[in-house]
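*Asks:* Sequence:
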Amino acid sequence: MKEGEHALHRVQWQISRYAFALASVALALGVALLTWQYGIRHQFSMFLFAMAVTAWYFGTGPAILATVCSALAYDFFFRDPLYSLAIGASDIPNFVLTALFMLLVVSFSTVRRRTEDALRASENKYRELIDASPDAIFVFDAHGKCVLSNPSAVKLLGCNEDELIGLSLADTYLPAERDRVRERFDKARQQGVLRYERQFLRRNNEVIPVEVSMSTAGQDHYQTLIRDISGRKKAEEALRRSHRELETKVQERTTELRKTNDDLQFVNKELEAFAYSVSHDLRAPIRHIA
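With this note's numbering as the guide, the letters of the sequence shown map in order to residues 32 to 321.
No wet-lab data here; the hints were simulated from the structure.
Treat the hints with care, since some could be wrong.
As the list claims (entries may be wrong) - Label pairs and their computed distance ranges (CB to CB): (1) S244 x G92: 44 to 54 Å; (2) P165 x V42: 39 to 49 Å; (3) E276 x E154: 47 to 57 Å; (4) Q250 x K156: 45 to 55 Å; (5) Y69 x R41: 24 to 34 Å; (6) K264 x E303: 16 to 26 Å; (7) R144 x A57: 24 to 34 Å; (8) D294 x K264: 38 to 48 Å; (9) D294 x P165: 50 to 60 Å; (10) T291 x P165: 50 to 60 Å.
As the structure is a prediction and not an experimental result, all values here were calculated from the model.
Ideal placement from N, C-alpha and C gives every residue a C-beta, glycine not left out.
Turn these sequences into a full structure, and let the hints guide you.
*Replies:* Okay, here's the thing in structure tokens:
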């Protein structure tokens, strides 16, 4: 069904191209006849304009049709003898020059269309890439207004896609940090790429930590890639907390071991004193017997 619809659209487009060629020649003829009545004798330039417009916008086939129809109309209505198709050898150079002019316009038009197609394909590829990115991507103009974003940016900000266009970058900063927007634009312009971390203000006033990579995009635009690092910050905080807890436990264990060691040393001294006392008490009777 879709293939049939596409085929129908192609046929309709081809018909409209040639219909425009005929319509442009008819319009040029109408204007030429009107100006002829007022003594203006530059009718061929009007046909030339119709041929050029057709060649520029609709390509070679319609341009050939417009060229042939224009030549016949001009010869029939404006060349002696009037109202007759008397094309002689003297008309061939003019016809050839007109055809060459049409080919030149068609070649320029072809280059233009190829350039536009390449640009359109590049834009589509870029759009696909940023749409597939898990990180939020914003493109801001020189005034800090958002002109392009991706679905991840919509999710990060917590708003509708329509609300992003025209959004001020400063609105995603905490009030105390909004004066840094222009400073970071200038640094990105000087360095090419600027990376930093900051607090991101969501639409619901929730503040989350983000990692930002800002780069220039064209003459007056800036592409900003923003990554939510809440998970990483929580993991880092958990690691720091574990480290602090481990240090506390090590210190507590060290204190316990030191106390145990002190106790053992005290007990050891007591044992030494007791042994000395016993030894002294045993030696006294022996000396008395002796």
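*Asks:* Compare the structure with the hints numbered earlier in the document and write down the numbers of the violated ones, lowest to highest.
*Replies:* Failing hints, ascending: 4, 5 and 6.
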